[in-house]
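Colleague: This is what each chain is made of:
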Amino acid sequence: MKLQLKNILISQFITILILIVLEIVSTGILPILGLQKYSIPFNILVVLFLGFKLETPYLSVLILVVQFFHSFFSIEGWEMGTIAGIVICFIISFLRDLIHFHSSLATMMVTQIFQFIWFVIVSFLLYLKLDTLDYIIDKFWRFLPESIFITLMAPFFFSLFDKVWGVGEKGLLGDES
Amino acid sequence: MKFLEGDGAKLKIALNVIILSAALWGVSRRDVSYTETTAFENAMIDSFAPMQKSVSYIQEQLSDFVEHYLANVNASKENVDLHKKVKELESELFSFEEVALENIRLKDLLEFGKGVKRRKVLAQVVAWNANSDFRVLRIDKGIKDGIKVQSTVVTSDGLVGYIYRITDSFADILTIVDSNNRVDGLIERTRSHGILEGDSNSKTQMKYVTTTDPVILGDLVLTSGLGNIYPKGIRIGVVTRIEKESHGIEQEIEVTPAVDFSRLEEVVVLVSDEGSDHKMEWEALDDPEHSRKN
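As you go down the protein sequences, you meet chains Z and P in turn. Numbering of the first sequence is given in the numbering used here, commencing with residue 87 and proceeding in unit increments. Numbering of the second sequence is given in the numbering used here, commencing with residue 33 and proceeding in unit increments.
Since the hints were made in silico from the structure, they are not lab data. Any given hint might turn out to be false.
As the list claims (entries may be wrong) - With a Cα cut of at most 30 Å, we get these calculated DSSO-like pairs of lysine-lysine:
{"id": "1", "chain 1": "P", "residue 1": "Lys85", "chain 2": "Z", "residue 2": "Lys123"}
{"id": "2", "chain 1": "P", "residue 1": "Lys139", "chain 2": "P", "residue 2": "Lys239"}
{"id": "3", "chain 1": "Z", "residue 1": "Lys215", "chain 2": "P", "residue 2": "Lys149"}
{"id": "4", "chain 1": "P", "residue 1": "Lys152", "chain 2": "P", "residue 2": "Lys85"}
Owing to the predicted nature of the structure, the values given are computational and were not obtained by experimental measurement.
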C-alpha cells in the first residue's frame, strides 16, 4: 500500500490537533493538581507511533512538525526531540521485524524501551552541552514516572492513532508489501 | 541496509540529513538566556495560551461545582430549600472571602518594591511548561501590556524569574528554579556574593561562596543588582543547607526560594523603561563599558 501525500497531510493535521489538546490539558491541569515537577511528554508518544507504524520518506518532516508544535508549549525547542526522533526511527528500521504490537503488553514494553532510548539520546546531547551529569541524574528520576505513565497510555493512544492513520492489522502504513 | 532501501530512499536520506543538520545547528545555537519568536510562533502561542487558561478555569469551576453541589445531592428533601439557601450564602461568602484574599494578595503585590523604579504589570499564571526539564511559567500579559523580554518577575514574597519569551498577549517566565537561570545573589548578613542556579527541584544552589564566609542556616539571600536583569535587594530565599568540604575552597549552599512556586497565581512584572537591549548578568559583567560605569 502506497502512502499518498494527501493522506499524510490529513492524518498529520488530526494528529497535531490531538497533540495540542493533550499538551493543553497537560500544561493546564497537572500544575493545578500540584504536579509542577512532572509533565507528560505526549510528543514522545506521537513520535514513537510515527516511527513504529509509518514507512514513508517524509517521516523526518512529520517528526519535525510534531516537535515544532510541541515547542509552543515548552521552551526546550524542536531541535533535540527531532534529533532523538530521527535517530530512533533509524534504530526502528533495523529492528522492525522484531517489533510487534499484537497485545497491549507488547505495545507497552516496546514503548518503554524506546522511551529509554529517547532518554539516552537526549541525555547525551544535554551532556555535550552542559558537561555535567547531575542534571541528567535529576532528569532520570523525573523520566521514570513520566515514561511509565506514557507506557500505560500507549495501547489506548496507539489504537486511536491507528484509526487516524488508517493502519490495519496487515502491517505498516506505506509499506510496499 | 533497510533504512537505505526501498522506494524514495534517496529522498528519505536527503530529508533526514537536512533536518538532522538543521536540528544539530539549532541545538548548538539555542540561547538559554532568551529567545525571539517569529510571527507564526506568536500567533500559535497566542492561540493556545487562552485554551490553557480556559482549561485551568474549567477545572476550578468543576471543583467548585463538585464541592458545593454534588456533595449535597443526598440531603433530605425537607431541608433542600434551607440547604440551598445556606449553600448559596456560603458560596457567596466563599466568593467574598476569595475576593478579599485576592485583594490582599494583589495589594501586597502592588505595595511590593515601592522603591524599585520600574513599571509594574500585574499578571496571572495560566500554565506551566510542557517539559519537566524546564521550570517555566506562562502568564496572561505580553507586549500589548508593555512587557519586555528579560523583565524581572516578582511576587510579594520575592523573586520569581525573568521574561524569557514573549508574544503580543502572553509571556513565558524562566523561573529561578530552572537550571538555565543564573542570579547574582548576596547573603544579607555577611554580604557574601554568589551565583544562584536552579536545580529543577524547587530549590536553588548558591555557588562560588568561599568556605571562609561565615554563612549560617536561615541567612536571607537577596539579589545583588549586578548585571542588567534583576534590581538590587529583591528577596530570593533563605539558606537551608550548607556543606563544607575540608579540601574545598567553596561551600555548597542550598537556598530555598522565598516564593512558593506550587501556589503561584499572580505575579508582578517589573518593566524597565530604559532601552530593551538588555544583556544577561554574566554578559554585562564582561562588558568593559558596564565595568567603567560601576
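Colleague: Now tell me if each hint is right for this structure.
Modeller: For each hint, the structure was consulted:
In summary, the hint linking Lys85 (chain P) to Lys123 (chain Z) is supported, as the alpha carbons are separated by about 19 Å, within the 30 Å threshold. Between Lys139 (chain P) and Lys239 (chain P) the CA atoms are separated by roughly 34 Å; this puts the pair beyond 30 Å, and the hint is violated. Annotation: proposed proximity of Lys215 (chain Z) to Lys149 (chain P) is violated, straight-line Cα distance about 37 Å (limit 30 Å). Restraint check for Lys152 (chain P) and Lys85 (chain P): satisfied, since their Cα atoms lie roughly 22 Å apart, inside the 30 Å limit.
This entry does not satisfy hints 2 and 3, going by the numbered hints stated previously.
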